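> The listed protein sequences correspond, in order, to chains A and B.
Take the first sequence: its letter number 119 is residue 526 in my numbering, and every next letter is one higher.
Take the second sequence: its letter number 72 is residue 123 in my numbering, and every next letter is one higher.
Derived from the structure by calculation, the hints contain no laboratory data.
The structure presented is a predicted model; accordingly, all values stated were derived computationally and were not measured.
Some clues are possibly wrong.
Calculated pairs, PhoX-like style, for lysine-lysine (alpha carbon to alpha carbon, straight line, at most 20 Å) [stated by the list, open to error]:
#1 Lys117(B) <-> Lys154(B)
#2 Lys105(B) <-> Lys154(B)
#3 Lys105(B) <-> Lys678(A)
#4 Lys55(B) <-> Lys154(B)
#5 Lys61(B) <-> Lys117(B)
#6 Lys67(B) <-> Lys105(B)
#7 Lys677(A) <-> Lys117(B)
#8 Lys67(B) <-> Lys55(B)
#9 Lys484(A) <-> Lys105(B)
#10 Lys67(B) <-> Lys183(B)
#11 Lys484(A) <-> Lys117(B)
#12 Lys417(A) <-> Lys444(A)
#13 Lys677(A) <-> Lys324(B)
#14 Lys154(B) <-> Lys337(B)
#15 Lys674(A) <-> Lys105(B)
#16 Lys422(A) <-> Lys444(A)
#17 Lys441(A) <-> Lys422(A)
#18 Lys441(A) <-> Lys417(A)
#19 Lys484(A) <-> Lys417(A)
#20 Lys484(A) <-> Lys154(B)
#21 Lys183(B) <-> Lys422(A)
#22 Lys117(B) <-> Lys67(B)
#23 Lys61(B) <-> Lys677(A)
#24 Lys67(B) <-> Lys678(A)
#25 Lys61(B) <-> Lys85(B)
#26 Lys324(B) <-> Lys203(B)
#27 Lys105(B) <-> Lys85(B)
#28 Lys596(A) <-> Lys620(A)
#29 Lys105(B) <-> Lys61(B)
#30 Lys203(B) <-> Lys337(B)
#31 Lys677(A) <-> Lys67(B)
#32 Lys67(B) <-> Lys85(B)
#33 Lys417(A) <-> Lys85(B)
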Amino acid sequence: MELAQLLQFKQIAEKENMTQASNNLYVAQSSLSKSLKRLEQELSAELFDREGRGMRLNDYGRTALSYVQLIADDMEKIQEAVRSFREEQRFSVYTSHFSIANYVFPQLCSAYPDICINASLTAYNLRALLLDGTCDLAITPYRMDGDGVESTFLFTDQVLVSVPESNPLSRLSQIDLSDLEEQTFVETKRGNPMRIEFPNPLNKNMRIRCVYKSNLDTVYDFAQQNEYLYFTDTVASPYLQKYGNRRLIPFTAQGYTYPFYISFLIKSRKKVAFLANWLRDYFGATDGPTLSQS
Amino acid sequence: MELKQLQYFKAVSDTKNMTDASRILGVSQSTLTKSIQALEQEMQISLFEHIGRKLVLTDIGGIVLKYANAILENVEYMVSDIRSIRAGQTFRICLSHPSVMTKLSGFECAHSEIGIYITVRPGANFLYYLQKGLFDLTISDTPVVGEGIVSKPLFTDQLLLSVPASHCLYTCKSIFLRQLKNQTVITTNHPEVFPLFALFIDRVNRQNIPIDFRMQATTYACAEVARKTNWLYYLSSIDWDTWDLGENRRNIPIDPQERILQTYYFSYNSRQKHPEQDQLISWLSKSLSHRKIRG
Chain A
408 MELAQLLQFK QIAEKENMTQ ASNNLYVAQS SLSKSLKRLE QELSAELFDR
458 EGRGMRLNDY GRTALSYVQL IADDMEKIQE AVRSFREEQR FSVYTSHFSI
508 ANYVFPQLCS AYPDICINAS LTAYNLRALL LDGTCDLAIT PYRMDGDGVE
558 STFLFTDQVL VSVPESNPLS RLSQIDLSDL EEQTFVETKR GNPMRIEFPN
608 PLNKNMRIRC VYKSNLDTVY DFAQQNEYLY FTDTVASPYL QKYGNRRLIP
658 FTAQGYTYPF YISFLIKSRK KVAFLANWLR DYFGATDGPT LSQS
Chain B
52 MELKQLQYFK AVSDTKNMTD ASRILGVSQS TLTKSIQALE QEMQISLFEH
102 IGRKLVLTDI GGIVLKYANA ILENVEYMVS DIRSIRAGQT FRICLSHPSV
152 MTKLSGFECA HSEIGIYITV RPGANFLYYL QKGLFDLTIS DTPVVGEGIV
202 SKPLFTDQLL LSVPASHCLY TCKSIFLRQL KNQTVITTNH PEVFPLFALF
252 IDRVNRQNIP IDFRMQATTY ACAEVARKTN WLYYLSSIDW DTWDLGENRR
302 NIPIDPQERI LQTYYFSYNS RQKHPEQDQL ISWLSKSLSH RKIRG
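Whole structure, please, built from the sequences with the hints as guidance.
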């Protein structure tokens, strides 16, 4: 038995006519007919007296309808409860990682269009924001366990160098700082908050030229046109596919691989569970407690 | 939303972990997990959260569970009722508690020519049942009030205590609650199921009377314990003649002043009174009023 079958039966019973019911439900009359037949088989009882074109409920049908009305009401009540629960919910998700804020957060928000999620980039002390309640969920490259905060591993990010195929560096399987001598990089402007997370690896003593642009899209376009290099990371990499003829190569200088963690107040665990689970799904995290784990 | 999803959700809520639930349902854990996740995804909420190794319902999960249980129950009830109609059980009775069940079974046996359908549905909407003609008669611990519905007291149940001869309360004509201080009392009956017992436990808690309650699993276990000890056991006046817990015991009522009483009402739709109803009610009233409290 399926809930859909019961609701279809209800519609037929209310309209007393198969054709009208199938119109209202936007299903073919034949499938509605089959659905009813299967229900009657399962209940071992016919629910209607078929009178010409009309269908009138018999005793069995009247009994069934009485219960189906209760069931339909409860289904509606579930919808209402869920709707009002979601409307009351406001969430704040923060990260200090630019790529997560830029590429992942928009997807998070659009996955839950009916819920108010404020997901943004911040340079502030996220532990303090968690403790004072400004932030519900934080994504950071360090753990914050303790004092009522719980941290779980989310994913490991890797800094990448985007290299045009015409550049001999593109044939390397990994790039170190010393490989970057004489190369030209494009970066967002110094002091731009977008570059909080990974300290600029470009050492002043090296002969590396750097061109600054105002925003990331301009960086990518400019680098594409001029076959320059830029830094990015694994989070952003799927979104850079559209810039052809380039390779993304891991930058293996010390300290440019970061594990990221989700942190939240232990008492808010159930409130943020669905957000945490969405993020874990996105990053394919297999550690930590999620419902996808047996 | 599908029935199967609700069934799986209920099983996980009841057992509080995936492993037991999947074993009970006979499905793989991944099937179960996928089903729960699909339901959560559809409603965009979390039904559970992990606390340590245990799964705990979220607040919204608890609300959904309440309605899910009601939906699953109503599917069961619908199937059961249709089956009973097919079996020709035309006299349809619904009880809110099992209290009166044994007596009704007696009537059923004595009148096998009448097709009787008796079912116990705690918390069901009896007004709805009577107005929709799903049942001819209901018996419940509250009157059913509504258009065209007749509701009358059937009998009033009172609490009895079975007291052994060796006990200091043996010679009492009636017992006050305060006299039960520090006594040990056994029973098989559960307060959730019997309103009278719930009332008793509630009253005893409110007055802070310390009583050592020991629930027994079966009447046999109760009988054994009663035989070996001089503990009291409580029972309702309906039950008194089904208990044979040995010699040298008296059934003494709790004093009426304590007002531990439960009135049961029978209700029916005035437009739809079953022809056998009057016979049933008078039979029932008689058998319920035979309270020979053995002395």
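> A separate judgement is required for each hint: does it hold in the structure or not?
Comparing the hints with the structure gives:
Restraint check for Lys117(B) and Lys154(B): not satisfied, since their Cα atoms lie roughly 32 Å apart, outside the 20 Å limit. Distance restraint check for Lys105(B) and Lys154(B): the Cα-Cα separation of roughly 43 Å exceeds the 20 Å cut-off, and the hinted pair is therefore not satisfied. Proposed proximity of Lys105(B) and Lys678(A) is supported: the alpha carbons are some 17 Å apart, at most 20 Å. Pair hint Lys55(B) plus Lys154(B) does not hold up; C-alpha atoms about 37 Å apart against a cutoff of 20 Å.
Restraint check: the Cα-Cα separation between Lys61(B) and Lys117(B) comes to about 9 Å, which is no more than 20 Å; the hinted pair holds. With a C-alpha separation of about 6 Å, the suggested pairing of Lys67(B) with Lys105(B) holds against the 20 Å cut-off. Pair hint Lys677(A) plus Lys117(B) holds up; C-alpha atoms about 19 Å apart against a cutoff of 20 Å. A C-alpha spacing of about 18 Å is found between Lys67(B) and Lys55(B), which places the hinted pair at or below 20 Å, so the restraint holds.
A threshold of 20 Å between alpha carbons decides the hint, and for Lys484(A) with Lys105(B) the separation of about 28 Å lies outside it, so the pair is violated. A C-alpha spacing of about 37 Å is found between Lys67(B) and Lys183(B), which places the hinted pair above 20 Å, so the restraint is violated. With a CA separation close to 10 Å, the supplied pair Lys484(A) and Lys117(B) stays within the 20 Å bound. Note on Lys417(A) and Lys444(A): the hinted pairing holds, with a Cα-Cα distance of about 14 Å set against a maximum of 20 Å.
Taken as a hint, the Lys677(A) and Lys324(B) pair is broken in the structure, with Cα atoms around 52 Å apart against an allowance of 20 Å. Between the alpha carbons of Lys154(B) and Lys337(B) the distance comes to roughly 10 Å, so the proposed pair stays at or under 20 Å and holds. Straight-line distance between C-alpha atoms of Lys674(A) and Lys105(B) comes to about 16 Å, which keeps the hinted pair within the 20 Å bound. Distance restraint check for Lys422(A) and Lys444(A): the Cα-Cα separation of roughly 17 Å lies within the 20 Å cut-off, and the hinted pair is therefore satisfied.
For the hint pairing Lys441(A) with Lys422(A), the CA-to-CA distance comes to about 17 Å; that is within 20 Å, so the pair holds. Straight-line distance between C-alpha atoms of Lys441(A) and Lys417(A) comes to about 15 Å, which keeps the hinted pair within the 20 Å bound. As the CA atoms of Lys484(A) and Lys417(A) are separated by approximately 17 Å, the hinted pair is consistent with the 20 Å bound. A hinted pair counts as satisfied when its Cα atoms are at most 20 Å apart, and Lys484(A) with Lys154(B) does not qualify at roughly 38 Å.
The straight-line distance between the Cα atoms of Lys183(B) and Lys422(A) is roughly 19 Å, inside the 20 Å bound, and the hint therefore holds. Between Lys117(B) and Lys67(B), the direct Cα distance comes to roughly 16 Å. Compliance with the 20 Å bound is thereby established for this hinted pair. Restraint check for Lys61(B) and Lys677(A): satisfied, since their Cα atoms lie roughly 19 Å apart, inside the 20 Å limit. The hinted pair formed by Lys67(B) and Lys678(A) meets the criterion: a straight-line CA distance of about 19 Å does not exceed 20 Å.
Using a Cα cut-off of 20 Å, the hinted pair Lys61(B) and Lys85(B) holds, with the two alpha carbons roughly 15 Å apart. Taking the CA atoms of Lys324(B) and Lys203(B), the gap is about 14 Å. The hint holds against a cut of 20 Å. A threshold of 20 Å between alpha carbons decides the hint, and for Lys105(B) with Lys85(B) the separation of about 18 Å falls inside it, so the pair holds. Between Lys596(A) and Lys620(A) the alpha-carbon distance is near 6 Å, which keeps this suggested pair within the 20 Å criterion.
Taken as a hint, the Lys105(B) and Lys61(B) pair is honoured in the structure, with Cα atoms around 15 Å apart against an allowance of 20 Å. Distance check on the hinted pair: Lys203(B) and Lys337(B) sit about 15 Å apart at the alpha-carbon level, within 20 Å; holds. A hinted pair counts as satisfied when its Cα atoms are at most 20 Å apart, and Lys677(A) with Lys67(B) qualifies at roughly 15 Å. The hinted pair formed by Lys67(B) and Lys85(B) meets the criterion: a straight-line CA distance of about 17 Å does not exceed 20 Å.
Under the criterion of a C-alpha separation no larger than 20 Å, the hint pairing Lys417(A) with Lys85(B) is inconsistent with the structure, at around 29 Å.
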